[in-house]
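Asks: Residue numbers (this note's numbering), protein chains in the order written: chain A, 169 to 247; chain B, 169 to 247.
The list treats identical chains as one, so a pair stands whether inside a single copy or across any two.
20 Å max Cα-Cα, derived DMTMM-like pairs, lysine to aspartate or glutamate:
{"id": "1", "residue 1": "K178", "residue 2": "D242"}
{"id": "2", "residue 1": "K203", "residue 2": "E246"}
{"id": "3", "residue 1": "K203", "residue 2": "D183"}
{"id": "4", "residue 1": "K203", "residue 2": "E220"}
{"id": "5", "residue 1": "K209", "residue 2": "E179"}
{"id": "6", "residue 1": "K229", "residue 2": "E214"}
{"id": "7", "residue 1": "K209", "residue 2": "D183"}
{"id": "8", "residue 1": "K209", "residue 2": "E241"}
{"id": "9", "residue 1": "K224", "residue 2": "E200"}
{"id": "10", "residue 1": "K187", "residue 2": "E226"}
{"id": "11", "residue 1": "K224", "residue 2": "D194"}
{"id": "12", "residue 1": "K209", "residue 2": "D242"}
{"id": "13", "residue 1": "K209", "residue 2": "E246"}
{"id": "14", "residue 1": "K203", "residue 2": "D219"}
{"id": "15", "residue 1": "K224", "residue 2": "E214"}
{"id": "16", "residue 1": "K229", "residue 2": "E241"}
{"id": "17", "residue 1": "K203", "residue 2": "E214"}
{"id": "18", "residue 1": "K229", "residue 2": "E200"}
{"id": "19", "residue 1": "K229", "residue 2": "D194"}
{"id": "20", "residue 1": "K224", "residue 2": "E246"}
{"id": "21", "residue 1": "K178", "residue 2": "E232"}
{"id": "22", "residue 1": "K178", "residue 2": "E228"}
{"id": "23", "residue 1": "K203", "residue 2": "E226"}
{"id": "24", "residue 1": "K224", "residue 2": "E241"}
{"id": "25", "residue 1": "K229", "residue 2": "D242"}
Think of the hints as simulated: they come from the structure by calculation, not from any bench.
Protein chains: 2
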Amino acid sequence: MRAIVNVYLKEGVLDPQGKAIAHALDSLGFGELVKGVRVGKQMVLELNSTDEASAKIEVEKMCETLLANTVIEDYTIEF
Amino acid sequence: MRAIVNVYLKEGVLDPQGKAIAHALDSLGFGELVKGVRVGKQMVLELNSTDEASAKIEVEKMCETLLANTVIEDYTIEF
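Just chain A, same shape as in the assembly (with noise of 0.2 Å):
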């Protein structure tokens, strides 16, 4: 089974890395499409485990103790 973690920077938190992809992206001559960048990280974790239930309460756990720091970042979680 297969959970894959989204963690992403909240709203209003800068995000530099996003700014510098943005400016790359405007040099090469994308910047009138481009309004805005954000960079998050993607995890995919493969469980050993058949109830998504259960897994889920514990991928929830570990993205609040190792995965996200919740203090600046969100994150979802799908199966």
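Take the given structure of chain A and dock chain B to it, following the hints.
Replies: Below, chain B alone, put in the same frame as chain A:
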């Protein structure tokens, strides 16, 4: 309009960041549940466009030229 680009390492390419996360999860007691972790990047692009077909072509160009290293990485584009 928003495009979501996921960039991840190709199968077979070593992922030391994923290995480190898997090891840390093991230390936290999630070792039995988690078989493996792969880490990628997620970029959310805000676009000045309402035409999905033409935007997709442009975003593919961005991936090929800047956002992904296609030697070792694959990417997906979602709208």
